[in-house]
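J.: One letter stands for each residue in the lines below.
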Amino acid sequence: MRLGSQIRSWMRAVMGRARMESDMDTELRFHMEAYADDLQRQGVAHEEALRRARIEFGGVERAKEKCREARGVSFLETLLQDLRYGMRALAKSPCFTAIAVLTLALGIGANTAIFNVVNATLLQPLPIREGSRLVVIWISNLEHGWSRIGPAGQDYLDWKEQSKSFDDLFMFEHGTGTVTAPGEPEQVAGLRVTTNFGDFFGSKPVVGRTFRLEEGAGRHNYAVLGYGYWQRKFAGDPSVLGRGMTLNGEEYTIIGERKRPVDVRWLRAAPDRRGGGGELRSRAARDAGVSAGGAALRMTRAKVFEFTVCKREGA
Amino acid sequence: MDKQLELLQGTLDMLILKAASLGPLHGYGILLRIQQISKDRLEIQQGSLYPALYRLEHQGWITSEWGESENKRKAKYYQLTMAGKRRLLTETENWNRMAEVIAGILGTKPEEV
Numbered sequence: 001m002r003l004g005s006q007i008r009s010w011m012r013a014v015m016g017r018a019r020m021e022s023d024m025d026t027e028l029r030f031h032m033e034a035y036a037d038d039l040q041r042q043g044v045a046h047e048e049a050l051r052r053a054r055i056e057f058g059g060v061e062r063a064k065e066k067c068r069e070a071r072g073v074s075f076l077e078t079l080l081q082d083l084r085y086g087m088r089a090l091a092k093s094p095c096f097t098a099i100a101v102l103t104l105a106l107g108i109g110a111n112t113a114i115f116n117v118v119n120a121t122l123l124q125p126l127p128i129r130e131g132s133r134l135v136v137i138w139i140s141n142l143e144h145g146w147s148r149i150g151p152a153g154q155d156y157l158d159w160k161e162q163s164k165s166f167d168d169l170f171m172f173e174h175g176t177g178t179v180t181a182p183g184e185p186e187q188v189a190g191l192r193v194t195t196n197f198g199d200f201f202g203s204k205p206v207v208g209r210t211f212r213l214e215e216g217a218g219r220h221n222y223a224v225l226g227y228g229y230w231q232r233k234f235a236g237d238p239s240v241l242g243r244g245m246t247l248n249g250e251e252y253t254i255i256g257e258r259k260r261p262v263d264v265r266w267l268r269a270a271p272d273r274r275g276g277g278g279e280l281r282s283r284a285a286r287d288a289g290v291s292a293g294g295a296a297l298r299m300t301r302a303k304v305f306e307f308t309v310c311k312r313e314g315a
Numbered sequence: 316m317d318k319q320l321e322l323l324q325g326t327l328d329m330l331i332l333k334a335a336s337l338g339p340l341h342g343y344g345i346l347l348r349i350q351q352i353s354k355d356r357l358e359i360q361q362g363s364l365y366p367a368l369y370r371l372e373h374q375g376w377i378t379s380e381w382g383e384s385e386n387k388r389k390a391k392y393y394q395l396t397m398a399g400k401r402r403l404l405t406e407t408e409n410w411n412r413m414a415e416v417i418a419g420i421l422g423t424k425p426e427e428v
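Line order of the protein sequences matches chains A and B. Residue numbers for the first sequence, in the numbering used here: 1 to 315. Residue numbers for the second sequence, in the numbering used here: 316 to 428.
There's no promise every hint is true.
[Stated by the list, open to error] Listed next, the in silico EDC-like pairs over lysine to aspartate or glutamate satisfying Cα-Cα at most 16 Å (straight line):
1. A:LYS66 / A:GLU21
2. A:LYS64 / A:ASP25
3. B:LYS354 / B:GLU321
4. A:LYS64 / A:GLU77
5. B:LYS318 / B:GLU358
6. A:LYS233 / A:GLU186
7. A:LYS66 / A:ASP23
8. A:LYS64 / A:ASP23
9. B:LYS333 / B:GLU427
10. B:LYS389 / A:GLU33
11. A:LYS66 / A:GLU77
12. B:LYS333 / B:GLU426
13. B:LYS389 / A:ASP25
14. A:LYS64 / A:GLU21
15. A:LYS66 / A:ASP25
16. A:LYS233 / A:GLU184
17. B:LYS387 / A:GLU33
18. A:LYS66 / B:ASP328
19. B:LYS400 / B:ASP328
20. B:LYS387 / A:ASP37
21. B:LYS389 / A:ASP23
22. B:LYS389 / A:GLU77
23. B:LYS318 / B:ASP355
24. B:LYS387 / A:GLU143
[What the hints assert, rightly or not] Partial pick of chain A residues on the chain B-facing surface, computed with a CB cut under 8 Å:
25. SER5
26. GLN6
27. ALA34
28. TYR35
29. ALA63
30. LYS92
31. PHE96
Calculated from the structure, these hints are not laboratory results. A virtual CB, placed ideally from N, CA and C, is assigned to each residue, including glycine.
This is chain A alone, in the form it adopts within the complex (with noise of 0.2 Å):
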């Protein structure tokens, strides 16, 4: 069976149909004529002829509807007398109509409604870059019954000095503070984060700066606000870059504004073997380092693996 004539006498047939209907006639009256006349060059009269013509022809249309059938119109024409007849049947019964496509609707909306979730959250790769190798390290201690608590910061320090397992590492913690200067005491959340957070989440702050290596060492504490709180307190003024501000009785100096992490500060964190790590440490070992490791890259829509590190006494 070849494709290409198929195709054609269906083309044939859809967009001409009164013309292939008139064809047929024609070609089927020019049989019982030719027939007729050679009944009549017999010897038969014209009527008797026609008439004799006619009734060994057979019946004309059932040898039509078999011709449509053949050259596969009926189909097409099944289709079209099928739909018509269930825009009727719809058009009779409004309410069943509306049920349906209400139902429908409904239906479909959840289903791409749900969708668009797993595609956001499980199907599409982190916004960051090589989003799928990134991977949440917990501690356990299993002598002290300790599971899934995040590491000091001298565990990270030494990690970062001397693993050859993970191309870098950053730290993290979540959490609330309480701003107190400028305007009303307010309770926020935030993150607070070492200086190199910046190289694994590469979106640029909408405005100013996110933070530089080398302020992991220094004296100051600076933060990048999250965009909604930066409309929300300062009405987005970008003037408010240089400016201080008081959380939990500490000065910071805001640098920039962010897009993302959704409406989150960003807090620099210096952990280092003089001091400064100290508070780090302690903070960290609390469980809110812990369960915001999930929470903080199910945000960003992560691929977590978890690792467990078992930390030995002493290590």
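Once you've looked at the hints, dock chain B against the given chain A.
T.: Relative to chain A, chain B alone:
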């Protein structure tokens, strides 16, 4: 005239292809040619000819063209395509093999089994 044989199912297509292979013919001409070659021993329902022609054209074995008949009437002429010629060869071969096998079976005598 002997009693006419009824056409075996599925054989009309083959006969049409054969008739059209001998030169372009209109539907009525194809009918006449088959009857002439078969010496009127086959009974062909005239109305069944056209669905078969349309089917063969749809499948691309034959093509049609409007022309003028011997008595100056508008008539549709059919002729074989290249694919139709190949088809006729295969069908003929299959038919001959089938006929041979059937004849062999029907001609079997008890001592040959």
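J.: Now look at each hint and say whether the structure bears it out.
T.: Results for each hint:
no.: 1; hint: A:LYS66 / A:GLU21; in the structure: holds (13 Å)
no.: 2; hint: A:LYS64 / A:ASP25; in the structure: holds (8 Å)
no.: 3; hint: B:LYS354 / B:GLU321; in the structure: holds (14 Å)
no.: 4; hint: A:LYS64 / A:GLU77; in the structure: holds (14 Å)
no.: 5; hint: B:LYS318 / B:GLU358; in the structure: holds (9 Å)
no.: 6; hint: A:LYS233 / A:GLU186; in the structure: holds (10 Å)
no.: 7; hint: A:LYS66 / A:ASP23; in the structure: holds (15 Å)
no.: 8; hint: A:LYS64 / A:ASP23; in the structure: holds (11 Å)
no.: 9; hint: B:LYS333 / B:GLU427; in the structure: violated (37 Å)
no.: 10; hint: B:LYS389 / A:GLU33; in the structure: holds (11 Å)
no.: 11; hint: A:LYS66 / A:GLU77; in the structure: holds (13 Å)
no.: 12; hint: B:LYS333 / B:GLU426; in the structure: violated (39 Å)
no.: 13; hint: B:LYS389 / A:ASP25; in the structure: holds (12 Å)
no.: 14; hint: A:LYS64 / A:GLU21; in the structure: holds (9 Å)
no.: 15; hint: A:LYS66 / A:ASP25; in the structure: holds (13 Å)
no.: 16; hint: A:LYS233 / A:GLU184; in the structure: holds (10 Å)
no.: 17; hint: B:LYS387 / A:GLU33; in the structure: holds (12 Å)
no.: 18; hint: A:LYS66 / B:ASP328; in the structure: holds (15 Å)
no.: 19; hint: B:LYS400 / B:ASP328; in the structure: holds (13 Å)
no.: 20; hint: B:LYS387 / A:ASP37; in the structure: holds (13 Å)
no.: 21; hint: B:LYS389 / A:ASP23; in the structure: holds (10 Å)
no.: 22; hint: B:LYS389 / A:GLU77; in the structure: violated (28 Å)
no.: 23; hint: B:LYS318 / B:ASP355; in the structure: holds (9 Å)
no.: 24; hint: B:LYS387 / A:GLU143; in the structure: violated (109 Å)
no.: 25; hint: SER5; in the structure: holds (3 Å)
no.: 26; hint: GLN6; in the structure: holds (6 Å)
no.: 27; hint: ALA34; in the structure: holds (5 Å)
no.: 28; hint: TYR35; in the structure: holds (6 Å)
no.: 29; hint: ALA63; in the structure: holds (4 Å)
no.: 30; hint: LYS92; in the structure: violated (37 Å)
no.: 31; hint: PHE96; in the structure: violated (40 Å)
In terms of the numbered hints stated before, the structure departs from hints 9, 12, 22, 24, 30, 31, listed from lowest to highest.
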